[in-house]
Amino acid sequence: MKEIQRISPVVFKSSPLKTEKRDNWDVVMEYKEEGDGPFLVDLSHRPRFDLQDSNLADKKSFELELPETPGNSVLENGILASRMNRTQVSLFDLDGQDDVSMPGESYYTDVTESTVCVALFGKEIFLICEKLTALDFTDPQRKAPFFFQGPFSHVPCQIVTLNKEGESSGIVLTCSRGYGRDMIDSILHAGEEFGLKPAGESRFTHWIKSL
Amino acid sequence: MALTITCPICGKRNGYEFKFGGEEKGPRPDEKDLTPEAWCEYVHMNKCVAGVQEEWWFHKDGCGSWFKIHRDTTTNLEKEVKDENRVQKAKSGGQK
Amino acid sequence: MMNRFNHLPTLKIDTTKKLAFIYKGKKHYGVEGDTVASALFANKVRIFGRSLKYHRPRGLYSLDGECSNTCMEVDGIPNVRCENTLLKDGMVIKEQNVKGSAEKDYLGFLDKMDWMMPAGFYYNVMHKPAKVWPIAMKQIRKAAGLGKISPDYEMPGKFDEIFLNTDVCVIGGGPSGMTAALCAAQKGLRVILMESRPWLGGFFEYRSGEYKDGQNLHERAQDLAKEVAAQDNIRVFTHTSAVGTYNNNLVTGFQIGKKEDVFDERYLEIRAKSVVAAAGCIERPLIFDHNERPGVMQIGCALRMAKTYGQLPGKKAVFSIGHDLGLEAALELHDLGLTIACITDIREDGQDADLLRKIEDKKIPFLKGWVATKAHGAKIVKKISISSLDGQVSKTLDCDLIVASAGMTPVTGHITVAQGTLKYDNHTGFFLPDKMPEKMHAAGRILGLNDPLSIEASGKLAGLQAAFDCENCSIQEIGEAKKALESLPGPVRGSKLVTAPVKGRKSFICFDEDATIKNIKQAIEKGFDVPELIKRFTATGLGPGQGGIPGHNLPLYVAKYQALSDISIRPTNVRPPLVPTLISTYAGVNHKMFKITPMDEMQKKDGGVFRNIGVWQRARYFSNDFTCRKEIENVRNNVGMLDGSTLGKFRIHGPDALNALQRVFVSDMTKVKQGRVKYSAMCNDDGCVIDDGIVVKQGENDYYFTTSSGRAGQTVEWIRYHARYDGWDFALVNLTDSLGVINLSGPNARKVLEKIVDIDLSNEAFGFSEYKTFDIQDTVPVRAMRLGFVGELSYELHVPSSYMKSVWLMLREAGKEFNIQNFGVEAQNVLRMEKCHIILGQESEQRTNLLDVGLGFLWDRKKSDAKTVGAVALHQAEGDQTRLKLVGFKTQNNSRAPRDGALVVDDKVRGYICTARDSFSLNEAVGMALVEAELSKIGTRLEIYEDECGDDRIYGKVVAMPFYDPEGKRMKM
Amino acid sequence: MFLKSKPMWGKKTKLKTSYDMVIIGGGLHSLATAYFLAKEHGITDIAIIEKNYIGFGGAGRNTAIVRANQRTQYNVPLYKEALDLWPVLTKDLDYNLMFNNCGNLNLMHSEAAMKAARMTIATAQFHGVESHLIDAKEAKELVPALNISEDITFPIHGAMFHPPGGVVRHDAVVWGLARGAAKKGVEIHQQTEALDIGTQNGRVASVTTNRGKINTKQVLISAGGYSAALIYDMMGIKLPISVLTIQAMVTQPLKPVLDHVVSSGAYHCYANQTLKGEIATGAHMDPWPNYTTLNTAHYIKHQAEALSEFLPCLRGVRFMRIWGGLADMTPDMAPIMDGNEQVEGFFMDCGWGYFGFKSCSAVGKYMAQFMATDQCPDMLKPFALNRYQEHRLMGETAALVNYSPDN
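Chains as they are written, first to last, in numbering that gives the first Met the number 0: chain A, 0 to 210; chain B, 0 to 95; chain C, 0 to 972; chain D, 0 to 406.
By construction, these hints were calculated from the structure, which means they are not laboratory data. All figures in this text were calculated on a predicted structure; none of them were measured in a lab. Incorrect hints may have been included.
Claimed, not checked - Lysine-lysine pairs mimicking BS3-like chemistry, simulated, CA-CA at most 27 Å apart: (1) K866(C) / K67(B); (2) K559(C) / K13(D); (3) K10(D) / K517(C); (4) K438(C) / K67(B); (5) K10(D) / K559(C); (6) K16(C) / K257(C); (7) K10(D) / K520(C); (8) K254(D) / K147(C); (9) K16(C) / K147(C); (10) K127(C) / K5(D); (11) K434(C) / K50(D); (12) K216(D) / K46(B); (13) K367(C) / K225(C).
What the hints assert, rightly or not - Interface residues of chain D toward chain B, partial, derived using beta-carbon atoms under 8 Å: (14) Q72; (15) A227; (16) T295; (17) P330; (18) A383; (19) Y387.
Note that the Cβ used here is the ideal one computed from N, Cα and C, for glycine as well.
Generate the whole structure from the sequences, applying the supplied hints.
See the structure below:
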């Protein structure tokens with residue numbers, strides 16, 4: 000029998016230095032020549048859940064208060080919750096150390112497999128973004144973390160801006176898994192002039208902890 | 000012309016993120032003794048207003064909600080219409 | 000090459016850095032900072048090209064590329080505006096639209112034939128007799144057009160695009176624009192400043208006149224530019240033209256890259272909360288005989304030639320102007336060594352006293368109320384005739400340069416394109432902004448201002464108004480700024496003269512189209528009495544330079560000619576792009592975005608021939624035999640695998656989930672049972688089938704359903720749309736990309752699957768149209784269903800996308816002993832056709848309803864409370880015998896299958912072939928067709944008409960469906 | 000010939016208080032109908048009422064492409080006759096309409112599209128209209144600028160080549176028909192706005208304009224994109240129409256480089272070279288109803304992206320002008336021509352979408368016959384309004400119908 004393996008929709012050309020097996024995924028912790036930023040990290044293996052219920056008011060998820068207003072996000076002990084609309088919340092597990100399993104209630108759906116998920120962080124990332132979308136990341140009115148549902152490189156995405164301050168700026172983006180290949184290509188292409196390089200998960204973990 | 004649509008959930012956005020869903024015509028009529036004329040009126044016929052009309056839009060590339068706006072078809076600009084429950088909707092995240 | 004000034008502070012050239020370029024095949028030299036035009040001029044080139052219709056010699060006229068005079072072919076690119084294209088080392092420059100050379104053009108004689116070509120003449124000639132026209136047309140096409148491009152031309156260079164958001168966008172980097180930008184920026188707002196020239200400064204930049212307290216205008220421009228640079232919330236884009244302005248404050252433009260940039264040209268799309276239009280003025284051309292002869296140029300052109308590019312525009316000049324800038328320029332050029340034979344000023348009075356004194360001191364002959372009437376010289380200017388405005392007194396002077404300008408024209412394109420309106424102003428003689436677009440403000444010379452301090456004050460006001468739009472400025476502040484502006488000199492009185500006292504046969508109002516004053520008169524007399532119609536009839540303003548030259552002269556002349564008291568006439572519509580823009584620049588970076596399945600890479604390795612199918616890329620064939628014989632036979636006789644991952648997949652849950660399903664599916668969804676799959680369809684309100692798929696019940700008000708690949712993108716939208724009034728409580732989750740789909744089909748399917756799963760797969764345990772979930776190796780959760788789309792024993796396995804490859808490999812491994820093979824979309828298409836399973840869009844078209852395709856059995860007529868989409872239409876259309884019905888047919892006297900799309904005819908069209916193939920499984924040609932009801936009876940003979948068939952026909956006979964395994968034993972075994 | 004220059008469509012006259020017929024709209028369909036009423040039925044007491052100036056709307060804004068390769072047998076014969084009429088009109092009107100029958104090349108980017116094309120071609124050939132399916136190489140021979148490589152978004156599988164189609168100078172048609180109709184006594188009233196239609200016991204009695212009331216027994220509304228709104232306002236009749244802005248643009252003029260009209264469904268784009276040398280291109284409509292006729296930044300960019308792919312040499316060329324007009328779209332992409340049905344004496348000719356130009360000559364002829372005889376010619380019968388409530392869409396588009404106007 001073949002050994003069972005989970006494969007990410009994201010394939011980087013750069014060669015891995017350190018990888019780690021996790022729940023049948025081969026997670027790359029570090030790549031050769033990651034450069035000094037900006038960085039692009041594949042997080043497609045991180046659990047993601049859809050929470051939909053007409054009555055979210057009194058609900059908690061992973062012990063955290065769900066954001067009330069659509070467009071707002073909360074990041075607590077590794078769980079990123081973003082309010083999509085009146086009845087829907089999008090949950091990302093950005094911690095990923097001890098793997099989170101989905102709560103049993105029927106209003107949860109595991110959507111980890113539905114999307115490709117990447118983090119784009121480091122200097123000048125918003126100059127990369129403005130080549131790919133008309134969404135306004137630098138709007139002074141909006142305080143990080145905040146949440147967009149809108150087009151990025153022509154396809155609908157969920158995008159959470161976790162930080163807008165210079166070197167530590169960063170976003171986490173998901174779009175339909177099927178678009179993975181082309182989405183990565185267009186982000187790397189747009190980032191070329193700014194030295195954007197694929198990086199391993201450690202780089203991301205280090206960044207997210209620093210926030 | 001640059002259309003922008005104000006989504007009750009995502010706010011003012013590029014109009015190309017949305018899909019137009021027709022003139023506001025009210026709920027689906029009852030099936031019982033619906034004449035071909037009445038059916039056709041509901042399904043196909045439009046007023047084609049040159050001016051402000053109430054209409055449906057879907058946030059295709061965004062939050063995926065259906066909502067109504069008032070738009071001037073001669074300028075493609077949204078019109079603010081006093082509508083308390085629209086404000087309400089916005090607060091509670093619009094109708095789904 | 001002529002030596003250049005190198006002491007002037009205003010110079011933008013570096014005479015120490017030479018640049019080589021090829022012109023007419025010979026090497027020439029310019030210097031860094033030169034435009035192509037200034038470099039050619041420095042090389043004594045005076046005739047740059049020939050005009051469209053009459054092949055008249057044309058030369059330098061303005062320096063901002065407002066007409067085609069100096070459009071040339073540069074590095075293979077046609078119609079390059081040499082006046083604002085920077086010279087690059089090694090450029091290859093060619094003349095356009097010449098037979099021979101610009102100097103000696105064999106078509107020059109056409110200039111004498113103008114009497115044959117009155118306005119719109121071509122509508123009255125060349126059509127009698129009819130056979131003349133095709134020949135004439137060829138000649139017309141050859142003669143028309145300016146540039147040349149070869150069909151295999153490959154555009155070099157790098158192109159980019161950015162989409163910006165800002166609070167305030169300022170168009171124009173002159174004094175008022177810079178002031179507005181600074182003002183808004185100091186309010187803490189995000190500001191974008193666009194300037195079409197490579198540097199900031201605008202109207203001040205090249206002038207030595209006094210700003211105030213002894214500081215000159217040039218120095219002031221430099222100071223403002225420094226202040227702008229110091230504001231880090233101002234993003235400056237120089238060498239960037241704003242080409243489009245749209246409502247809701249969208250501004251588009253393009254930027255020319257510098258050496259160090261990663262792009263040659265870059266498209267900009269700017270979303271602003273407020274816009275300031277401060278594009279200044281261009282000059283209004285003076286209309287007199289031969290007013291476009293090389294040697295005639297505008298004031299700014301002559302002056303900037305010297306002060307920006309360091310060369311005198313001529314030796315001996317006559318000025319014919321209507322604006323103080325003309326007097327100022329004359330003085331500056333005089334001091335730089337230009338001999339000035341005479342200045343004629345259209346204005347009887349109103350000149351700046353100080354300038355007049357200086358002219359007197361320098362003993363420059365000066366005539367008020369005089370104007371140029373004719374430029375002499377066969378190819379370039381040798382003499383000029385001038386006369387008093389009434390044409391009574393006149394004289395002729397020698398000169399090689401005529402500086403001619405009737406006055407100024409505000410650049411209002413950005414305002415009118417955004418739907419602002421203009422109004423004629425009698426004081427300035429300008430069409431001034433009247434109704435401004437929402438949240439757009441005008442500043443500077445556009446308002447008719449001329450005084451430096453007023454220009455800046457208007458910028459400050461506009462900046463504050465923009466800040467106000469961003470809720471960042473008080474009414475009081477604006478009030479003060481208004482007062483400040485009002486306390487300064489207002490707009491100056493402008494000259495109203497349009498044409499010199501001449502007949503106008505050779506007085507050109509539009510250079511690009513060779514349109515003269517005489518042509519305009521002809522058009523008006525034919526009944527074309529508004530500028531828009533004159534534009535269409537005479538082509539005035541339709542050339543490469545668009546409205547630039549005729550601009551406001553056209554409406555002014557039309558009003559004058561018709562002796563309209565008040566000038567209610569408006570200029571013709573200015574349209575984007577306000578500056579002609581390369582298609583490659585607009586295209587920018589075009590990212591292709593397609594979806595691929597988890598099996599993409601493997602299927603390519605396996606020789607899959609891929610096609611775009613909607614948003615997806617799928618393997619359609621697995622060999623170059625597009626009949627797919629091998630793939631088909633392997634499924635029929637053995638076992639095959641198809642990647643069906645593109646199938647739409649959804650979860651719907653919540654209290655009203657069932658209601659929602661009842662609304663959109665035609666069947667009674669209360670009958671959906673756990674553990675079984677229910678096949679059903681969705682219709683639109685016309686009763687036309689738009690989708691079909693299966694539904695599975697996972698729990699109370701918790702369902703899993705599939706849609707066709709093509710509809711998956713609209714399913715959520717569709718269901719929510721048709722439930723939008725009901726306030727139902729249900730949740731939809733799109734799982735399309737979440738799960739890969741493997742269709743394991745063929746008599747050996749069970750044997751293969753058994754090897755990798757440890758559940759009972761016997762027909763008793765897992766029968767046809769049943770649904771099961773299980774784990775493979777306690778790891779991979781699989782949703783399995785037994786369906787029969789291709790008509791064989793089939794398992795459809797829905798597998799988490801990340802596990803797809805592993806499971807696929809297991810099956811392939813397990814299937815080795817049966818020689819398991821891939822099959823693609825086309826093989827599936829044939830297989831299901833033999834089984835008469837329809838594919839929407841193939842066996843249906845826009846007007847085909849559920850009943851037409853024989854799916855009526857899916858429709859539950861009794862659930863009218865559900866208000867099922869399409870039900871009403873189905874009730875009403877039922878029993879309509881004129882509709883097209885889907886039938887199966889076999890061809891007669893074993894002829895081949897007709898091609899898809901062939902027609903079913905008698906004396907008229909009675910239907911068409913949906914899908915037909917030579918079936919390997921049945922050894923005969925079969926297919927499905929949509930035909931009128933009366934032809935749908937079994938046994939009916941169908942006459943089939945194919946494209947290119949001439950008199951040959953294929954005949955078919957309507958037979959029962961399905962063709963293959965009618966009892967459906969094989970898929971149920 | 001050159002010297003006589005009196006107004007082409009008569010001096011401005013007073014509006015009379017009564018006409019045999021009133022035609023609302025000064026576009027091509029109106030002018031053609033009036034011309035044929037006068038020429039073939041001797042009816043000349045006609046007032047054409049135009050709010051702006053003749054040719055202000057779609058007549059002057061379309062890109063003048065003509066062809067007869069429609070999808071269904073109801074449409075093909077109509078468009079065929081329209082196509083055959085251009086040389087005839089050029090002669091009869093003694094005005095050069097500049098018919099350039101260079102042929103249309105309609106690109107196909109998938110097997111499905113090839114199948115669809117085959118049906119259209121078979122339908123054309125069955126009705127005696129020349130049209131052929133050709134492969135990518137043959138297409139490249141006709142249009143050397145074409146990019147038939149595999150590495151574009153929508154690779155070219157083949158094309159539908161329709162030799163008799165081409166381009167006609169749209170302004171010339173407007174002015175020619177106006178002159179022709181005026182010569183025969185038809186009155187063209189510009190800057191005149193129709194405000195209302197008066198009816199008396201169930202039939203048309205009058206038309207009220209901003210220049211006074213006109214008594215008449217027959218009125219035709221053929222006002223292009225404005226028809227639906229006018230018909231609802233003045234007659235209270237709703238139509239299955241959505242009015243969209245359609246855009247077109249031209250590049251700077253070039254020496255001959257494109258000898259045929261090229262169009263592509265997948266790229267939402269057509270391109271042809273005008274006699275002046277400009278590449279005229281357009282097609283896409285924003286799928287939301289509006290009367291703005293405004294251009295969009297989105298669209299000129301889209302067009303550049305499309306041309307960059309399948310006509311790449313144009314990357315070196317500049318766009319110089321974009322404009323917009325109205326298209327009144329029906330759910331089945333076929334027009335509505337009806338009369339004496341909703342109200343006695345009331346006729347309508349609308350819903351042409353972007354087919355109004357190619358059809359005007361033939362439609363003018365048959366609408367004239369309809370109005371003159373009060374009998375609907377067989378040619379027009381399938382286009383009656385009631386087809387929608389009878390669930391019989393015309394099938395001019397193969398695509399599945401959708402609730403939004405984008406079909």
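Against the structure, the hints:
For the given pair, K866(C) sits about 22 Å from K67(B) by alpha-carbon distance, which is consistent with the 27 Å threshold. Only pairs whose Cα atoms come within 27 Å are accepted, and K559(C) paired with K13(D) is accepted, the gap being roughly 26 Å. The straight-line distance between the Cα atoms of K10(D) and K517(C) is roughly 21 Å, inside the 27 Å bound, and the hint therefore holds. A C-alpha spacing of about 25 Å is found between K438(C) and K67(B), which places the hinted pair at or below 27 Å, so the restraint holds.
About 21 Å separates the Cα atoms of K10(D) and K559(C), which keeps this hinted pair within 27 Å; it holds. Of the supplied pair hints, the one linking K16(C) and K257(C) holds, its CA atoms being roughly 17 Å apart against a limit of 27 Å. With a C-alpha separation of about 17 Å, the suggested pair K10(D) and K520(C) falls inside the 27 Å cut-off, and the hint holds. Using a Cα cut-off of 27 Å, the hinted pair K254(D) and K147(C) holds, with the two alpha carbons roughly 5 Å apart.
Restraint check: the Cα-Cα separation between K16(C) and K147(C) comes to about 32 Å, which exceeds 27 Å; the hinted pair is violated. Taking the CA atoms of K127(C) and K5(D), the gap is about 22 Å. The hint holds against a cut of 27 Å. For the suggested pair K434(C) and K50(D), the alpha carbons sit about 23 Å apart, so the restraint of at most 27 Å is met. Annotation: proposed proximity of K216(D) to K46(B) holds, straight-line Cα distance about 26 Å (limit 27 Å).
As the CA atoms of K367(C) and K225(C) are separated by approximately 41 Å, the hinted pair breaks the 27 Å bound. At a threshold of 8 Å, the smallest CB-CB gap from Q72(D) to chain B is about 23 Å, leaving the interface hint violated. With 8 Å as the threshold, the beta carbon of A227(D) comes within range of chain B, its nearest partner Cβ sitting at about 4 Å, so the hint holds. Because the smallest distance between the Cβ of T295(D) and any Cβ of chain B comes to about 5 Å, under 8 Å, the interface hint for this residue holds.
Interface restraint check: P330(D) against chain B, minimum CB-CB distance 6 Å, threshold 8 Å, status holds. About 13 Å separates the beta-carbon of A383(D) from the nearest beta-carbon of chain B, more than 8 Å, and the hint is not met. For Y387(D), the suggested interface contact is upheld, since its CB lies about 5 Å from the closest CB of chain B, less than 8 Å.
In summary, the numbered hints that this structure violates are 9, 13, 14, 18.
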